[in-house]
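Student: One-letter residues, chain by chain:
There are 4 protein chains.
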Amino acid sequence: MPADPDRPHGGRVLSKDRMEGFSDGVFGFAITLLVLDLAVRPPGTALQQVLHAWPFYLAYVISFLTIGGAWLAHTALTDRLARTDSLFLRLNLLVLLVVVFLPFPTRLIAEALHNASFERVYVTLYGLTLLAIRVLGAALDAYARREHLYSQKGEGEELQSTQRKFLPVVTGYVIAILVGLALPRLAVALYFGLAVYLVVPFRETARALFRHT
Amino acid sequence: MPADPDRPHGGRVLSKDRMEGFSDGVFGFAITLLVLDLAVRPPGTALQQVLHAWPFYLAYVISFLTIGGAWLAHTALTDRLARTDSLFLRLNLLVLLVVVFLPFPTRLIAEALHNASFERVYVTLYGLTLLAIRVLGAALDAYARREHLYSQKGEGEELQSTQRKFLPVVTGYVIAILVGLALPRLAVALYFGLAVYLVVPFRETARALFRHT
Amino acid sequence: MPADPDRPHGGRVLSKDRMEGFSDGVFGFAITLLVLDLAVRPPGTALQQVLHAWPFYLAYVISFLTIGGAWLAHTALTDRLARTDSLFLRLNLLVLLVVVFLPFPTRLIAEALHNASFERVYVTLYGLTLLAIRVLGAALDAYARREHLYSQKGEGEELQSTQRKFLPVVTGYVIAILVGLALPRLAVALYFGLAVYLVVPFRETARALFRHT
Amino acid sequence: MPADPDRPHGGRVLSKDRMEGFSDGVFGFAITLLVLDLAVRPPGTALQQVLHAWPFYLAYVISFLTIGGAWLAHTALTDRLARTDSLFLRLNLLVLLVVVFLPFPTRLIAEALHNASFERVYVTLYGLTLLAIRVLGAALDAYARREHLYSQKGEGEELQSTQRKFLPVVTGYVIAILVGLALPRLAVALYFGLAVYLVVPFRETARALFRHT
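Chains as they are written, first to last, in my numbering: chain D, -14 to 198; chain Z, -14 to 198; chain B, -14 to 198; chain U, -14 to 198.
It cannot be assumed that every hint is accurate.
Given that identical chains are not distinguished, each listed pair holds provided it fits within a single copy or across any two copies.
[Claimed, not checked] Calculated pairs, SDA-like style, for lysine to any residue (alpha carbon to alpha carbon, straight line, at most 25 Å):
(1) 150 with 106
(2) 150 with 164
(3) 150 with 67
(4) 150 with 76
(5) 150 with 79
(6) 150 with 82
(7) 150 with 136
Derived from the structure by calculation, the hints contain no laboratory data.
Isolated chain D, as found in the complex (with noise of 0.2 Å):
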């Protein structure tokens, strides 16, 4: 609940928990997405089939990843929230319209990967969405900074660590993007190792590893 219901200077001041009931709610969606997709998928021949899919389940632990990092990233950003206003909000819908979407072109991705004369055009989707929930993300942060919607208490270190990584995440994949035109399946691995380096928390895990040595 805000301490102080107008602010002077315009923004309106709304409760963040709905706000977080409802990112949570669609982010949970989105995750469940992917396994309906692996729910609906024919399972067909046992082992070997399963090995000839490593596509599919490559496509999928990504956006796994993807919309796990989205939904670290956008914990770590609402946390420092001292209050929202009627943009933001609307910002925060158009981020989770972006997350929601991602199980779709995750599963065309599946699909060119089958059918090789539709993997660019698939790859590149898929690419463009990684690279809206990222940007998207990022434009919610500037906004939130922009309008002063943080608390006193600052940023925090999960948050610091997502605006670090903005840099190079995007030129990751502005790079893994063009790649793609010409080779769909490098792209994809390359979506893989950004993906792997948006979640892992380095300076923790190095952390937590050499505390108790």
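Use these hints to put chains Z, B and U onto chain D, whose structure you have.
Tutor: Only chains Z, B and U this time, still in chain D's reference frame:
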């Protein structure tokens, strides 16, 4: 948690937390169902197909904006609520019923734009659903005001903006439904315009744009 | 958050927040699954088809009212809960299992009304599921009373109304199930009547209507 | 809300509310996906068909109990959490990934019991998923203890019961997986026994039964 459990004028007091949580879940589902339809749709033959299926993607965007707008209005409404009562909870269920129904006519409208023969029926059903969401939302607001369910701190800018836009939007829907009986595709364009009008916060946007210049 | 973490008479104290959040999620899913079936159903040939498929839409409305009613009763119950214990959480899972199962017999009943040969079996399965939701909900309430899980402030009007309606409704379900063995379509009409009886708050409605006249 | 935002030993403090909300959403989805499979399954020819499809319903009950049990254990764990950190949130995402994956092997096991040739592969995959849920859940608990994430008020009976049951259950899973390589159907029966063992709170049940006699 309500401060005084039994108000003198007969309405019951219920914690509004669960109504909000349940409503957020259903809104989130409704939005995700739209994407599920996207994923179920046969992807066909890449780029030229995607270009050909534009009416489906437009209906998707309209429905997303409409559910997003209904969620924003719902948030603004419950944000100001001091308590709920039995009838309010049931009215709210009715709103959710129609919101979660929207993906169904959205799907029909996409099909309608392919088989021209059912265009009128399906586009009319779609328009009536959009209208019902708006009218039931306004009924919820009217009931809350009549039963004095709002807290003292007033209704807030977002809720007032929803109330101000009610008459123009309902008039717009009725006109679009009538237009749709003769020219279904024009009606879809009108629904898109109304959805944008509903969601864009003109005053806040103007304020945000001109404050920093 | 419970005030005293370990009550003397042996039951464990758990935060009830997560049980409510999880239950809301599952109730929301169950209601949405009903709509998913609507969307999956082949839409066929416009208006005359929609008119022909009326039994399906009736079953949809009955199930929606039943899940909505079960959610209202569940809310009223947990609203008065001071704490939960291990067995209560498991009983609650059982209630959710049956609630989330309801869309399945709903689908069967729609099919049953098309292929007359399975009508009796499917309508009976549907009735047994509706009965199970009501009986397990009452068991949850009885367990909470037996283990003194309710807070001091009493059970509230909504919960008492659910308790008052229990015997008539269960009697009604048993009669409808028996009737359904001979006349399945009459049973469906009875289920509709019982669903309306369960959800409509007669006292509150009368009070709201006559207060302002 | 955490009391002290920055602990001296380096771990970051994050609000645990959103982790709980997000986890509840994903658990709820996973359980609902099981039912979705029920609904997708062709209902065939009434009663004798339902009787013939018993292996599917058994797998459904096992998976429901397993996810329900994992949710109970997760609740007990987060209930005692004073704070979270970056790695804990990522470990939690990994647990959710496997939980939401379970409906997929559940579906395969149902198919396996029809086409005998893939029984071994599918039943083994199912067993490995059940094992992974349990092992990752225990890893989450171990990590929380190692990093002192639990609050002072202790771990509580439910969490201790989960810890006590860990070794017997994991041993049981390993035995069942090995048995399943030769006798898949026996393994399914063992998984059912282990699921019941995990969910039933023997001590509390005995206490509740004998207290009132």
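Student: Evaluate each hint against the coordinates.
Tutor: Results for each hint:
For the identical chains of this complex, residue 150 and residue 106 are neighbours neither inside a copy (27 Å) nor across copies (41 Å), given an alpha-carbon limit of 25 Å. Proximity of residue 150 to residue 164 under the C-alpha cut-off of 25 Å is restricted to the intra-copy arrangement: shortest distance 21 Å within a copy versus 48 Å between copies. When the C-alpha separation of residue 150 and residue 67 is checked against a cutoff of 25 Å, the pair qualifies only within one copy, where the shortest distance is 24 Å, while the shortest distance between copies is 29 Å. In this assembly of identical chains, residue 150 and residue 76 lie within 25 Å of each other by CA distance both inside one copy and across copies; the values are 21 Å within and 21 Å between.
For the identical chains of this complex, residue 150 and residue 79 are neighbours both inside a copy (21 Å) and across copies (22 Å), given an alpha-carbon limit of 25 Å. For a Cα distance limit of 25 Å, the shortest separation of residue 150 from residue 82 qualifies both inside one copy, at 23 Å, and across copies, at 24 Å. With identical chains, the CA atoms of residue 150 and residue 136 are at most 25 Å apart within one copy only, with a shortest distance of 22 Å there and 32 Å across copies.
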